[in-house]
Amino acid sequence: MKKKILLLDSKISNIKSVCNALDYLKIQYSITDSEFNAKNYDYLILPGVGHYGKFVQNIKKQNLHKSIKNFIDSDKFFLGICVGMQFMFHSSEESENNFGLNLINERVKKFQYSKITGKIPLIGKYKIKKNNLDWSKTILNNFNESEQMYFLHSYYCLADKRYELSQTTYNNFNFTSSIKIGNKYGVQFHPEKSGMDGLKIFENFIALK
Amino acid sequence: MRKILKADIKDNYIIKSVMYDGVKKIGDPINILRKTEKNNIDEIFISNITGTLYGYDNFKKIISKVCSKIFLPITVGGGITSLKDCEDFFSLGADKVSLNSVLFENKRLLENLVKNFGSQSITVLIQAKKINGKWYAFKDMARHNTKMLVKDWVHICENEGAGEIILVSVDDDGLMKGLNFDLHLQCEKSNIPVILGGGFNGEKDLTKIKNYKSFDGLTTSSYFYSKYLEEI
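Going line by line, the protein sequences match chains S and X.
Position one of the first sequence corresponds to residue 1 (my numbering), numbered consecutively onward.
Position one of the second sequence corresponds to residue 1001 (my numbering), numbered consecutively onward.
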């Protein structure tokens, strides 16, 4: 049976880049910027770039919140990218009174100059490393920790080892670079901007059963 | 250390000048940019140097094509003067836009763009030239001295929300005689990423630049073309 993939346009993302990546991989998908019927789709991708608060506001304004919640409550496959992953947490220091899906009950925090000896935002390619979770049959299937993914963010997440799929180090500071909660995945980095290795993330995601 | 290929586009081709002067045809944008990922390049900065309206439309077509085939972060620059210009490029798939000359004429533009698109998508390009021992910011393809000291301009742009700065030494551009590390004093107080360009000459520079906390990356053009393209 044909896989039904939906890409959500929060109007605060680099949606075209994700479309370009999926097109290149010849993955067929639908795209919407407003409410949808969760029953009609098996895979949901939520990219997000920029201000967390604006992202959450848009999700509400565009009537996407309920549809996303319905999808999340089912056992189907979800992929949040960058702010899309941060949205899977409780809330963010970037914007009070704007709440995420709370799949992980932690706050997204701001990088502090006192804790890292580097510039903010973090920009560039960094390795992703295993923690407790096995990578086979996940979006990191066949990855071997040599791959470098492209990151661009000022806020970071720390997930419990039950959910932390990969960890990344920036100037001696460790943060969570990807998460897995059942069939729901989040990546802090941009797979659509990480060359051919990044594209494997999308291929692995669509291959999940 | 981020390694960015700076590709200048004129009409349908990537070209290269020396010290921002002259035009030498290098080749087809897609064929050249296809070689970036496998050859140690992390990001691409594509600059439009065709000044005409036809050139602008043509440039957008090239950007659209590049974004659909190359999956690296792409910064677009050259003649961007408005919110609409930025929207156009983001909707084609560009990740960041780069501005220079217009910021000296339109003092509110930078703040406005940052407000609309977020710091992470706005880059300031500084064309730097040393005159009588002081570094000045130039504009209009390095033809006019804005009389603004680089040091001060870095500070102003950072305050107004620029996400990062690309700092190019005009007199070292295209010569492959080494990056000009003197510029580190112009941006040592910066808390945002600064990318150094002009004159990159390979491994030696790659080692040297790591000694400077001021710099988070470098740009290369001539070195990349001479090393990875068959015939220049």
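If you're looking for bench data, these hints aren't it; they were derived computationally from the structure.
Using N, Cα and C, we set each Cβ at its ideal position, and we do this for glycine too.
Any given hint could be a false lead.
Label-pair distances were calculated between CB atoms; the ranges are [unchecked claim]:
#, chain 1, residue 1, chain 2, residue 2, range
1, S, R162, X, R1143, 29 to 39 Å
2, S, K60, X, N1112, 52 to 62 Å
3, X, K1208, S, N102, 44 to 54 Å
4, S, K209, X, K1038, 47 to 57 Å
To give an idea of the chain S side of the interface with chain X (calculated C-beta under 10 Å), a few residues [what the hints assert, rightly or not]:
#, residue
5, I12
6, I27
7, A38
8, K54
9, N58
10, S114
11, K115
12, T117
13, P121
14, S146
15, Y150
16, H153
17, S154
18, E192
19, A207
In silico BS3-like links for lysine-lysine, alpha-carbon gap of 25 Å or less [said to hold, decoys possible]:
#, chain 1, residue 1, chain 2, residue 2
20, S, K180, S, K66
21, S, K26, X, K1061
22, X, K1130, X, K1210
23, S, K200, X, K1025
24, X, K1038, S, K129
25, X, K1061, X, K1130
26, X, K1025, X, K1213
27, S, K66, S, K39
28, S, K129, X, K1210
29, S, K115, X, K1213
30, X, K1025, S, K127
31, S, K61, X, K1025
32, S, K16, S, K4
Structure-based check of each hint:
1. S/R162 <-> X/R1143: 29 to 39 Å: violated (59 Å)
2. S/K60 <-> X/N1112: 52 to 62 Å: Distance hint for S/K60, X/N1112 is violated at roughly 25 Å.
3. X/K1208 <-> S/N102: 44 to 54 Å: holds (48 Å)
4. S/K209 <-> X/K1038: 47 to 57 Å: violated (32 Å)
5. I12: Check passed: Cβ of S/I12 comes within 8 Å of chain X, closer than 10 Å.
6. I27: violated (14 Å)
7. A38: This hint is violated: S/A38 lies away from chain X, its Cβ roughly 28 Å from the closest one there, beyond 10 Å.
8. K54: holds (8 Å)
9. N58: violated (13 Å)
10. S114: violated (13 Å)
11. K115: Interface hint status for S/K115: violated (14 Å vs cutoff 10 Å).
12. T117: S/T117 check passes; min Cβ-Cβ to chain X is 8 Å, inside 10 Å.
13. P121: For S/P121, the interface hint holds, since the closest Cβ of chain X sits about 6 Å away, which is under 10 Å.
14. S146: This interface hint is violated because 15 Å lies over the 10 Å limit.
15. Y150: holds (6 Å)
16. H153: With a minimum Cβ separation of about 8 Å from chain X (threshold 10 Å), the hint on S/H153 holds.
17. S154: holds (8 Å)
18. E192: It holds, given that the least Cβ distance between S/E192 and chain X is near 6 Å, below 10 Å.
19. A207: violated (19 Å)
20. S/K180 <-> S/K66: Between S/K180 and S/K66 the Cα gap is close to 21 Å, so the pair holds against 25 Å.
21. S/K26 <-> X/K1061: holds (21 Å)
22. X/K1130 <-> X/K1210: holds (23 Å)
23. S/K200 <-> X/K1025: Since the Cα atoms of S/K200 and X/K1025 sit roughly 35 Å apart, the hinted pair is violated (cutoff 25 Å).
24. X/K1038 <-> S/K129: holds (22 Å)
25. X/K1061 <-> X/K1130: violated (36 Å)
26. X/K1025 <-> X/K1213: This hinted pair is violated, its Cα atoms lying about 35 Å apart.
27. S/K66 <-> S/K39: Holds - the C-alpha atoms of S/K39 and S/K66 are around 13 Å apart, at most 25 Å.
28. S/K129 <-> X/K1210: holds (24 Å)
29. S/K115 <-> X/K1213: Cα-Cα ~16 Å, so holds.
30. X/K1025 <-> S/K127: violated (37 Å)
31. S/K61 <-> X/K1025: With Cα atoms ~49 Å apart, S/K61 and X/K1025 exceed 25 Å; violated.
32. S/K16 <-> S/K4: holds (19 Å)
Comparing the model with each earlier hint shows violations of hints 1, 2, 4, 6, 7, 9, 10, 11, 14, 19, 23, 25, 26, 30, 31; every other hint is respected.
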